[in-house]
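Peer 1: Using the sequences and the hints given, assemble the complete structure.
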Amino acid sequence: MRPTDYTLKGALDALASGETTSVQLTEAFLDAIARLNPRLNAFITVTGEQALEAAKASDARRAAGQAGPLEGAPIAIKDLFCTAGTQTTAGSAILRGFVPPYESTVSANLLRDGAVFLGKVNLDEFAMGSSNSTSAYGPVENPWSRANDPDTRLVPGGSSGGSAAAVAARLALGATATDTGGSIRQPAAFCGIAGIKPTYGRCSRYGIVAFASSLDQAGPVARTVEDCAILLRSMAGFDPRDATSADLPVPDFAAACGRSVKGLRIGVPKEYRLDNMPPEIEALWQQGLQWLRDEGAETIEISLPHTKYALPTYYVVAPAEASSNLARYDGVRFGMREVAPGGDLRDLYERTRAKGFGQEVRRRIMIGTYVLSAGYYDAYYLKAQKVRALIRRDFEQAWGKVDAIVTPATPSAAFGMDEKQDDPVTMYLNDVFTVTANLAGLPGIAVPAGLDASGLPLGLQVIGKPFDEETCFSVGAAIERAADFTALPGIRA
Amino acid sequence: MSLDTATVKRIASLARIRLEAEEVGRMQAELNGILGWIEQLQAVDTEGVEPMAGGAPEGQPAMRMREDKVTDGDLHEAVLANAPDRMGAYFGVPKVVE
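In order, the protein sequence lines correspond to chains L and G. The opening residue of the first sequence carries number 1 in this note's numbering; numbering runs sequentially from there. The opening residue of the second sequence carries number 1 in this note's numbering; numbering runs sequentially from there.
With a straight-line cut-off of 30 angstroms between C-alpha atoms, the simulated DSSO-like cross-links for lysine-lysine are:
(1) L/Lys308 - L/Lys270
(2) G/Lys9 - L/Lys355
(3) L/Lys420 - L/Lys355
(4) G/Lys95 - L/Lys355
(5) L/Lys420 - G/Lys9
(6) L/Lys270 - L/Lys401
Over 10 angstroms on every C-beta distance to chain L, these chain G residues come out as not near it, computed from the model:
(7) Asp4
(8) Thr5
(9) Gly25
(10) Asp68
(11) Asp74
Covered stretches of chain G (chain L as the covering partner; in silico rule of three or more C-beta atoms under 8 angstroms from a C-beta of chain L):
(12) 32–38
(13) 53–61
(14) 83–94
Derived from the structure by calculation, the hints contain no laboratory data. Where is the CB? At the ideal position from N, CA and C, for every residue including glycine.
Peer 2: Spelled out as structure tokens, the structure:
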């Protein structure tokens with residue numbers, strides 16, 4: 001078997017049996033990155049020498065009988081997680097050359113468990129985007145293309161586009177990602193892989209470059225549901241350095257993947273049936289529900305009446321929080337500085353931020369500043385917080401009737417790199433099915449479930465109760481088994 | 001509600017983002033497009049609804065206070081390591097007091 005063809009679980013088994021070594025795996029992935037990254041642009045920074053050193057050390061630990069749960073597995077880290085000694089850009093020019101003196105808790109947890117880091121993967125600038133086209137380090141290309149139109153280059157989705165493209169093209173066994181409105185699940189769906197945004201508080205946000213603190217949550221993307229479960233178990237856990245991280249035990253998520261869905265009540269929200277949704281997405285949704293009924297689950301129509309207000313609510317709350325979080329980029333303590341001769345401190349701030357932030361980030365800071373400004377706070381920000389409470393209440397009421405909710409992951413398959421770029425609101429609509437889980441703090445997993453007419457992957461989403469990722473994994477794994485998704489992207493190692 | 005150019009300039013100033021004269025029109029159009037779309041929230045009846053602050057779902061253990069004690073220190077080299085204009089043990093900035 002070619003080393004890059006392993007799933008994470010397969011690689012861990014092969015490492016345990018001595019069939020392969022971490023050095024062999026790491027060399028194979030670094031070679032694949034060297035060949036394919038010039039086209040895909042999934043990695044911003046490749047840490048080849050460090051990865052090989054880490055792989056050697058990992059093989060030595062294994063030989064000494066000290067193998068951790070992820071011992072020797074080469075993975076990629078979204079360039080939003082601070083990695084001590086390795087440049088962390090958040091996809092922004094304003095952080096070019098920034099070398100964090102500390103490690104994020106999530107990446108530290110992965111290192112503790114023996115993972116090997118191949119490098120830092122690309123993303124939309126400050127994780128703001130749905131196509132990975134706002135990165136200051138260039139766009140990422142989706143390794144998939146349309147069967148009838150192979151020359152049109154497609155977006156991998158965003159913001160975790162580098163994470164999803166790298167895993168789909170087999171440049172890593174898995175990757176960390178983050179999700180503020182759909183940034184794990186939408187790119188996973190566009191790239192034909194799995195990805196979970198856990199419950200708010202499941203993973204520590206310490207050391208993750210902040211976008212919208214009440215919505216941001218870390219999670220993994222990987223080729224299978226079980227691989228996501230293995231990664232999440234290592235990533236998750238209480239951290240005293242993040243006051244919002246939950247002090248709850250971390251379950252054995254992988255065990256949940258094998259659990260039967262028999263008797264589970266699956267909610268089907270009627271408000272997720274959009275007027276102009278492509279018929280193949282509606283058909284895939286119905287197929288997914290049938291698969292679950294075939295396994296003994298019951299499907300029940302439910303109502304989440306405030307769904308249509310979720311995106312506008314998000315586009316008040318997220319920019320408001322972003323405008324506060326991004327105030328720290330001032331050209332004084334770290335990152336880019338832009339000065340004009342004779343300019344004062346205020347001029348330094350204004351020039352640095354105008355030059356260092358891209359268009360979408362500037363736009364969101366402006367919106368956020370406006371909705372928080374005196375005289376508009378109540379009409380916009382407070383109003384959005386109240387509608388957010390109603391969206392959360394919709395779900396709480398649904399949990400009285402159902403155990404999980406199944407929806408499409410995205411309203412379309414991956415689109416062309418030059419499409420949907422003219423109007424910000426059109427781009428925002430990508431997250432219509434995913435953003436509600438962020439607003440309500442709930443876990444959601446995207447699972448590849450089928451192909452559209454042009455051969456592009458489509459995903460289904462399973463939303464779970466607070467801190468019940470296990471049911472997301474059980475239902476997701478059942479969909480994965482029934483879908484038997486074996487299609488592969490054209491560009492891969 | 002539609003933002004006029006003076007308001008767009010005021011927001012840019014609050015946000016400390018330099019906006020060149022030729023950029024104002026485009027920014028104004030984009031912001032008004034987004035705000036027009038957000039306007040639909042006004043249609044939701046939120047009478048008596050407690051605003052949701054923070055991101056925690058129902059059932060999350062309450063946040064707690066940590067012990068009030070110093071947990072680190074002597075990190076000035078690490079803190080200054082990324083400074084764009086380090087001056088000894090300080091961050092350098094343009095003169096602010098004449």
